[in-house]
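Protein chains in written order, with this note's numbering: chain U, 1 to 139; chain R, 1 to 137.
These are computed hints drawn from the structure, not numbers from a lab.
Taking lysine-lysine pairs in the DSBU-like style, the calculated list, with each CA pair at most 35 Å apart, reads: (1) U:Lys118 - U:Lys128; (2) U:Lys128 - R:Lys49; (3) U:Lys118 - U:Lys54; (4) U:Lys54 - R:Lys49; (5) R:Lys66 - U:Lys128; (6) R:Lys66 - U:Lys54; (7) U:Lys32 - U:Lys128; (8) U:Lys118 - R:Lys49; (9) R:Lys66 - R:Lys49.
The structure presented is a predicted model; accordingly, all values stated were derived computationally and were not measured.
Each chain, letter by letter, is given below.
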Amino acid sequence: MTRLTRRYRFCASHRLHAPALSDEANRELYGKCNNLWGHGHNYLVEISVTGTVKPDPGQLVNVEALDEVVHGAVFGDFDHCDLNLDIAAFRDLVPTSENVAVEIQRRLALAWPASFPKLAGVRLWETKRNIFELTHEGQ
Amino acid sequence: MLITRRVEFSASHVCANPALSAEENRALYGAAANTHGHGHNYVLEVTLKGDPDPVTGMVFDLRVLKEILQREVAGPMDHRFLNREVPPFDRIVPTTENIAAEIWRRLQPNFPGPAQLSNVRLYETEDLFVDYSEAAG
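Make a model of the complete structure from these sequences and hints.
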C-alpha cells in the first residue's frame, strides 16, 4: 500500500464566537480566540491519497495535478483571507479548526477528479501544537 | 509498539521513461523530467513493530538498525545519481513512490522477526512524502 502526502500552507484570520451564546459564555469557551477583532494563523494542511502503484509510471498521482485541484478547490480563497468574513461556509459556522478541516474535506470531495486515487486524509495544523485530523471516512 | 529511526541521503535523479517522448515525460513528471537530472535531500523514516524483549527491554537493537539502514540504503544511495548508479532505477523510474517500495524490498529481509518492518516513509522534500507498507507474510 502506498500513501502519498502533500503539505500546503495558508495564512488566514478568524474569530471564534458562537452567536447562540452570550458574550461572557463565548469568552469563557474560546478564551483569547474570542478576541473581538480576531487573530490569525499560518495553517499547514497535509492531504493524503492512497492506492497501489505500478512501477511504470511509478506515480500514485501527478503532484502538479493534485496541487492544481487543491489550490483551485481550497487555497485560492482560503489564503490571506478572513475565514469568518470572506468564506461563505463560515458565515453561520464557527471557524474552529475542526470545522475548517471538515470544510477542506468537503471542498476536496466535490472537486476530486474520478481519475485520482482515493483521498485518504486531511490533517490541519493550526499551530505547531494543535493538530486536527480527518480520516477518509470524514470522521 | 512502534519504533522509528530516521536516516538522510542526498541523491540525484531524472523522472522520465525512455519509451516516452520528451513532451510526454514533461506532461507526466513535470520539472522532474529535466534531462540532466536534479537532486533532493531525502529523509527516510523506517518503522518497526514489535514488543520489547523482556530481557533487553528493546523492540530491536537501534545500533543494528542503524547499520542495516547504512548498508541497504544510505551506503548505496547517498551522493549517487539513482538512474545511473542504483539498480533497479536503470530500468524503472525513480519516483518517490518507486524508491520507497525499493527501500521496503531491500529492508524487509533484514527483519525476519520477532520485530517486523511496519512502514517506510520517504520525504522527497519537507512538503511531499510517501508511506509504503506491505501486509505481513
